[in-house]
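Chain A is already provided as a structure; the job is to place chains B, C and D on it using the hints.
There are 4 protein chains.
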Amino acid sequence: MTWLGQTSVGGSTVDRIMVQGLDLSGDVIGRANLGDMLFLLVARRLPTAEESAVFNGVLVSIADHGITPNALAARLTYTGAPEALQGAVAAGLLGIGGVILGVAEETARLVQDGVARATDLDDASLDDVAESLLDDLPAGARLPGLGHPIHKGEDPRIGVLFTLARRHGQYGPHCRLFERFGEQANKRLGLQLPLNAAGAAGAILSDLGFSWKIVRGILLVARAAGMVGHLAEEQERPIGWAVWREIEGRVPYGPPDHPDA
Amino acid sequence: MTWLGQTSVGGSTVDRIMVQGLDLSGDVIGRANLGDMLFLLVARRLPTAEESAVFNGVLVSIADHGITPNALAARLTYTGAPEALQGAVAAGLLGIGGVILGVAEETARLVQDGVARATDLDDASLDDVAESLLDDLPAGARLPGLGHPIHKGEDPRIGVLFTLARRHGQYGPHCRLFERFGEQANKRLGLQLPLNAAGAAGAILSDLGFSWKIVRGILLVARAAGMVGHLAEEQERPIGWAVWREIEGRVPYGPPDHPDA
Amino acid sequence: MTWLGQTSVGGSTVDRIMVQGLDLSGDVIGRANLGDMLFLLVARRLPTAEESAVFNGVLVSIADHGITPNALAARLTYTGAPEALQGAVAAGLLGIGGVILGVAEETARLVQDGVARATDLDDASLDDVAESLLDDLPAGARLPGLGHPIHKGEDPRIGVLFTLARRHGQYGPHCRLFERFGEQANKRLGLQLPLNAAGAAGAILSDLGFSWKIVRGILLVARAAGMVGHLAEEQERPIGWAVWREIEGRVPYGPPDHPDA
Amino acid sequence: MTWLGQTSVGGSTVDRIMVQGLDLSGDVIGRANLGDMLFLLVARRLPTAEESAVFNGVLVSIADHGITPNALAARLTYTGAPEALQGAVAAGLLGIGGVILGVAEETARLVQDGVARATDLDDASLDDVAESLLDDLPAGARLPGLGHPIHKGEDPRIGVLFTLARRHGQYGPHCRLFERFGEQANKRLGLQLPLNAAGAAGAILSDLGFSWKIVRGILLVARAAGMVGHLAEEQERPIGWAVWREIEGRVPYGPPDHPDA
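Residue numbers (the working numbering), protein chains in the order written: chain A, 42 to 302; chain B, 42 to 302; chain C, 42 to 302; chain D, 42 to 302.
So here's chain A without its partners, still in its complex pose:
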């Protein structure tokens, strides 16, 4: 029998379950929290205590945003199929894409690209990189990690996240570059856009060693927690039908502009 590949994610024998080289029962349960387990599954090793604190902080910061379009999609899906909770959670995650939370992936990609092209990691070099990243952005492009529709002044999570990263020795060149990029972008454009938490998440996950390619996946796990919070509330105090009736009444039917000939 030829093999099609190999996996280190997990495997079982009659009396043992392995995950990324560790014995699940002996080495992981009771020692790792859910964030650590996600770290293990993706990075293929458990985090240090310092990494764990910062990684879990990022996950917690991103888990919920109240009544978002995604939370509404999850709740409206639950309304139609309450017996299939997995469908409602899935529907809530499917809107985590280019527009919503995509900024974390974009920022991670930007700062990973930037740090990779930096000749040195001192302040001056990172400033040069920030300049060149700005030069490379197409005119009118969205600035990754800058601005927020609600938190116009400062995103309330930014300070605590960077402080957490610093306190645990995980504030590295990607975070530094992200802050410099924001500063220079504002200077160049004459704006005062705050850094946003999704961008900070992307930068911190980069300093923790995660490729930008999996950043969206990590945030999806955190958001799954948020979705389940909304669905638990929907089970006890449903708003789905009320939301639907309200919107149905406010998006009236009218014939198309280009009628049938």
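Some hints here could point you the wrong way.
As the list makes no split between identical chains, a pair holds if one copy fits it or if it spans any two.
What the hints assert, rightly or not - Calculated pairs, SDA-like style, for lysine to any residue (alpha carbon to alpha carbon, straight line, at most 25 Å):
hint: 1; residue 1: Lys254; residue 2: Ile141
hint: 2; residue 1: Lys228; residue 2: Leu162
hint: 3; residue 1: Lys228; residue 2: Tyr212
hint: 4; residue 1: Lys193; residue 2: Glu289
hint: 5; residue 1: Lys254; residue 2: Thr89
hint: 6; residue 1: Lys193; residue 2: Arg286
hint: 7; residue 1: Lys254; residue 2: Arg183
hint: 8; residue 1: Lys193; residue 2: Trp282
hint: 9; residue 1: Lys254; residue 2: Pro297
Keep in mind the hints are simulated off the structure, nothing from the lab.
Chains B, C and D alone, transformed into the frame defined by chain A:
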């Protein structure tokens, strides 16, 4: 403007983000791990340290199962749409239903039903309840929480989970009823079916105070971590196309038995 | 190489594509419409012209319902991930479950069960079966196929669907039993509940020979068309953000009833 | 009450259901097939008989491809959650993205871009446009609509699709440009890549007047039919567990290359 409902899950003002009555930046980030955050979102309060240890232990125990049908669905979905990681995670969660992991929900429902009908919580009363639960099961019905396709002897996670619950004072009547139910079921049927970890998860989550209705949701968050682990591996060492070619070759096309008339 | 199974759904060789025993290019393209293709894929033969007319009529009748919870879920998902249209369509389908459109499956199951237990298919026998189906329904259970939240008098699709089925010789015992079941249910309960179109769809699909187990699947294809109609409109005249802002404002945040101790 | 928008997709009153300006019961059921309904929902008018023939031909050609990664994802999802058919269909659609079927969207975009920049629609002008489209493609980029992993010679659907379009007067500048683009691409690269059916679908849908932005959506409806065909077969002759066991055995667990330090 009339309100359609209210939410305690989360909400934002210009300078503050609230989640279940707590200030996200001040009270939660840096203090809670991802499992604690899920607990907060669903139970509407942070767990105690004891509850956190047990809850995270359950989540970790359920997060991954290696190459499951769900992991394959996630990887095959990634093969076709690698630019939309959220779709692959969602596809992986959609198969967490009645058959796979449904046993945790069923066990939680069983033991919550049982404890609710117990007149007392001493051993004799729980034995009576276990008998009556067995009596109520339709003939030939699957026994919730018993048996495992691979771990025929003892599920390697059971001991560590119950020990963890006991050590942290979270081993309560639902767990006790579950063990008694298993014992009596085996006695009645002349079998030696081990308790399985999904069933234990359902019982422990019941002792932690969660309704059986949201148990599936809690496990979905844990499994989301597993899916992202598989997708991170698929990004670096893909098996999707190889799996597809292999299966395509081994499920050949043949005309239907009932041909076109 | 051992086989894992066989499929008649479809298969390709270098110069030919087969589907359920037919050559796709030679026998199907240009001869079958999309509804016929769905019939072929599920029933493993092309429909007759009579069956095609009725089957397509059912599909058309169920394809859209305006601004439903599902359509909203699809649109809100598109808002967050416009680059992944497949995710928005999927989100829209995930709420087609027990509550929404589940009635078609339930009705199909009811009348298939009924016709199977009928000793004869004359009117008197079907009346007896209708009585016994009503007897078997748990007290207070939803009556499959009866009643509609908007169309209190008569569902505007019922007449045209049954007329279509009759005209094409596809109005059989399942439709007859469904009408008798509705009549007797109303008589017994002293109500005037109209038959609904989802129920009629279930009955007609039963007369066309489809198992109740696949009825939901057939309707999902029709609804996928509806979802794509909504998403095409969302691309040109988006309402997603406006809906979200409106609802966010009308479901305010408030702390939970059970505060953190 | 302020409006949030308006929809022409559909709407209901007590005794009437409207869809894109038509009365569903009076004007559409019994007159339109499922493909026509999709055309109506997206184009906001019913197709002519000629358009209907070609549009349905395209949908039929794309509906199924046998045991694809998507069909496997759908079947494996059904294995875990057979009670939620909508989840299995959704899982099957989620892998219709950039890699699988994305070529139809890309080809539609290419030829719509090309026809828009053509100064005239005669052969010479279209040749010029094809040249300039080729010039604009980044070096090494995939050629939209060319090549097929199985049908190395000629895709068996291409001839029948173009013949159908020609016969019904729907073979227009987008199809012509697509054929010229293919010819010139092969000449320039010294290859003999055949046009593929997904590309032809994109070109024909363009000549039918659909924006490239909704092409993926249209194909998703067709593919939903294919998914339901696979799931109907999975209900009767399941392969899910066998596929899983086979793959699990052939993708063995091994510890990660970068072990826990």
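Results of checking the hints against the structure:
| no. | hint | in the structure |
| --- | --- | --- |
| 1 | Lys254 - Ile141 | both (16 Å within a copy, 20 Å between copies) |
| 2 | Lys228 - Leu162 | within (22 Å within a copy, 49 Å between copies) |
| 3 | Lys228 - Tyr212 | within (23 Å within a copy, 54 Å between copies) |
| 4 | Lys193 - Glu289 | between (32 Å within a copy, 18 Å between copies) |
| 5 | Lys254 - Thr89 | within (22 Å within a copy, 35 Å between copies) |
| 6 | Lys193 - Arg286 | between (32 Å within a copy, 17 Å between copies) |
| 7 | Lys254 - Arg183 | both (19 Å within a copy, 21 Å between copies) |
| 8 | Lys193 - Trp282 | between (33 Å within a copy, 18 Å between copies) |
| 9 | Lys254 - Pro297 | between (42 Å within a copy, 19 Å between copies) |
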